[in-house]
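Enquirer: So the chains spell out like this:
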Amino acid sequence: AQSVTQPDIHITVSEGASLELRCNYSYGATPYLFWYVQSPGQGLQLLLKYFSGDTLVQGIKGFEAEFKRSQSSFNLRKPSVHWSDAAEYFCAVGKAAGTASKLTFGTGTRLQVTL
Amino acid sequence: DGGITQSPKYLFRKEGQNVTLSCEQNLNHDAMYWYRQDPGQGLRLIYYSQIVNDFQKGDIAEGYSVSREKKESFPLTVTSAQKNPTAFYLCASMGGKSSYNEQFFGPGTRLTVL
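First to last, the sequence lines map onto chains P and S.
Take the first sequence: its letter number 31 is residue 31 in our numbering, and every next letter is one higher.
Take the second sequence: its letter number 97 is residue 97 in our numbering, and every next letter is one higher.
No lab work stands behind these hints, which were simulated from the structure alone.
Every residue, glycine too, gets a C-beta built ideally from N, C-alpha and C.
Among the hints, erroneous ones may be present.
[Stated by the list, open to error] Here are the simulated DSBU-like pairs of lysine-lysine, each with C-alpha atoms no more than 30 Å apart in a straight line: (1) LYS49(P) <-> LYS71(S); (2) LYS57(S) <-> LYS61(P); (3) LYS61(P) <-> LYS70(S); (4) LYS68(P) <-> LYS95(P); (5) LYS14(S) <-> LYS95(P); (6) LYS68(P) <-> LYS49(P); (7) LYS57(S) <-> LYS9(S); (8) LYS49(P) <-> LYS9(S); (9) LYS49(P) <-> LYS95(P); (10) LYS57(S) <-> LYS49(P); (11) LYS83(S) <-> LYS68(P); (12) LYS83(S) <-> LYS49(P); (13) LYS9(S) <-> LYS102(P); (14) LYS70(S) <-> LYS95(P); (15) LYS83(S) <-> LYS57(S); (16) LYS70(S) <-> LYS57(S); (17) LYS9(S) <-> LYS68(P); (18) LYS102(P) <-> LYS57(S); (19) LYS49(P) <-> LYS102(P); (20) LYS14(S) <-> LYS57(S).
[Claimed, not checked] A short list of chain P residues far from chain S (calculated; beta carbon distances all over 12 Å): (21) SER18; (22) GLY28; (23) SER72; (24) HIS82.
Work out the full structure, taking the sequences as your base and the hints as a guide.
Expert: The following block contains the structure:
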């Protein structure tokens, strides 16, 4: 069974500092990997996704993530955090198949940004 | 604009009552999903549907029911059998192979049992 671990429940960074959110997955084959962001009381918005090819993927809002198969990781990074990045971030893994693939989500990391 | 709508945004229910949460999408997506979100637990899959008139149980289907009579609509009923229904409910949809299994989410419905 596929699973996702986000070891950091809560992270606080200063505005302008760099950010790395950790994500480890368990999956038997090549996974589809996603990072979503959720503002309080809102739905989830896709930041970026990885399916194949270049292991460093770029997303929206200046985020990037690197797929490391040897470490079963897909960590999210941003060089300089803005106060508006404060939100909850979810990593998810899915099967490399067609429609109706189920996603398994991690428990999320809440990011707080101090000014 | 294409997207997913959920209604109502807030819903209050008395114990013992059934309530139905609406989810509509105009993205022409085949698959639709219902998740429950509780603090510290991430998203848990309740039900999903691959095509019209077909749906499958997710990880926490007990106390919930769904229907998929139209491609655009996937309503969720929270029944009185659900012992702890207070939560944030999210609906999502996914298109065909070209979408690479990316799920699009609605804005959510917060259900509170009084």
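Enquirer: If a hint holds in the structure, say so; if it does not, say that too.
Expert: Going through the hints against the structure:
1. For the given pair, LYS49(P) sits about 26 Å from LYS71(S) by alpha-carbon distance, which is consistent with the 30 Å threshold.
2. Between LYS57(S) and LYS61(P) the CA atoms are separated by roughly 35 Å; this puts the pair beyond 30 Å, and the hint is violated.
3. For a cut-off of 30 Å, the pair hint linking LYS61(P) to LYS70(S) is broken: about 35 Å separates their Cα positions.
4. Proximity of LYS68(P) to LYS95(P) is assessed by CA-CA distance (about 17 Å); at most 30 Å being required, the pair is judged to hold.
5. As the CA atoms of LYS14(S) and LYS95(P) are separated by approximately 39 Å, the hinted pair breaks the 30 Å bound.
6. With a C-alpha separation of about 14 Å, the suggested pair LYS68(P) and LYS49(P) falls inside the 30 Å cut-off, and the hint holds.
7. At most 30 Å may separate the alpha-carbon atoms for a hinted pair to count; LYS57(S) and LYS9(S) meet this at roughly 24 Å.
8. Using a Cα cut-off of 30 Å, the hinted pair LYS49(P) and LYS9(S) holds, with the two alpha carbons roughly 28 Å apart.
9. Pair hint LYS49(P) plus LYS95(P) holds up; C-alpha atoms about 13 Å apart against a cutoff of 30 Å.
10. The hinted pair formed by LYS57(S) and LYS49(P) meets the criterion: a straight-line CA distance of about 26 Å does not exceed 30 Å.
11. Between the alpha carbons of LYS83(S) and LYS68(P) the distance comes to roughly 41 Å, so the proposed pair goes past 30 Å and is violated.
12. A distance of roughly 36 Å separates the Cα atoms of LYS83(S) and LYS49(P); the hinted pair therefore is violated under the 30 Å criterion.
13. A hinted pair counts as satisfied when its Cα atoms are at most 30 Å apart, and LYS9(S) with LYS102(P) qualifies at roughly 25 Å.
14. In summary, the hint linking LYS70(S) to LYS95(P) is supported, as the alpha carbons are separated by about 26 Å, within the 30 Å threshold.
15. Taking the CA atoms of LYS83(S) and LYS57(S), the gap is near 18 Å; set against the 30 Å cutoff, the hint holds.
16. Distance hint between LYS70(S) and LYS57(S) is fulfilled; the C-alpha atoms sit about 18 Å from each other, no more than 30 Å.
17. Under the criterion of a C-alpha separation no larger than 30 Å, the hint pairing LYS9(S) with LYS68(P) is inconsistent with the structure, at around 39 Å.
18. With a C-alpha separation of about 11 Å, the suggested pair LYS102(P) and LYS57(S) falls inside the 30 Å cut-off, and the hint holds.
19. Taking the CA atoms of LYS49(P) and LYS102(P), the gap is near 15 Å; set against the 30 Å cutoff, the hint holds.
20. A threshold of 30 Å between alpha carbons decides the hint, and for LYS14(S) with LYS57(S) the separation of about 25 Å falls inside it, so the pair holds.
21. Interface exclusion of SER18(P) from chain S stands, the closest Cβ pair being 25 Å apart, more than 12 Å.
22. The claim that GLY28(P) lies off the interface holds: its Cβ sits roughly 16 Å from the closest Cβ of chain S, which is beyond the 12 Å cut-off.
23. Non-interface status of SER72(P) relative to chain S is upheld: no Cβ of that chain comes within 12 Å, the nearest being about 18 Å off.
24. The Cβ of HIS82(P) lies farther than 12 Å from every Cβ of chain S, with a closest approach of about 23 Å, so its non-interface assignment holds.
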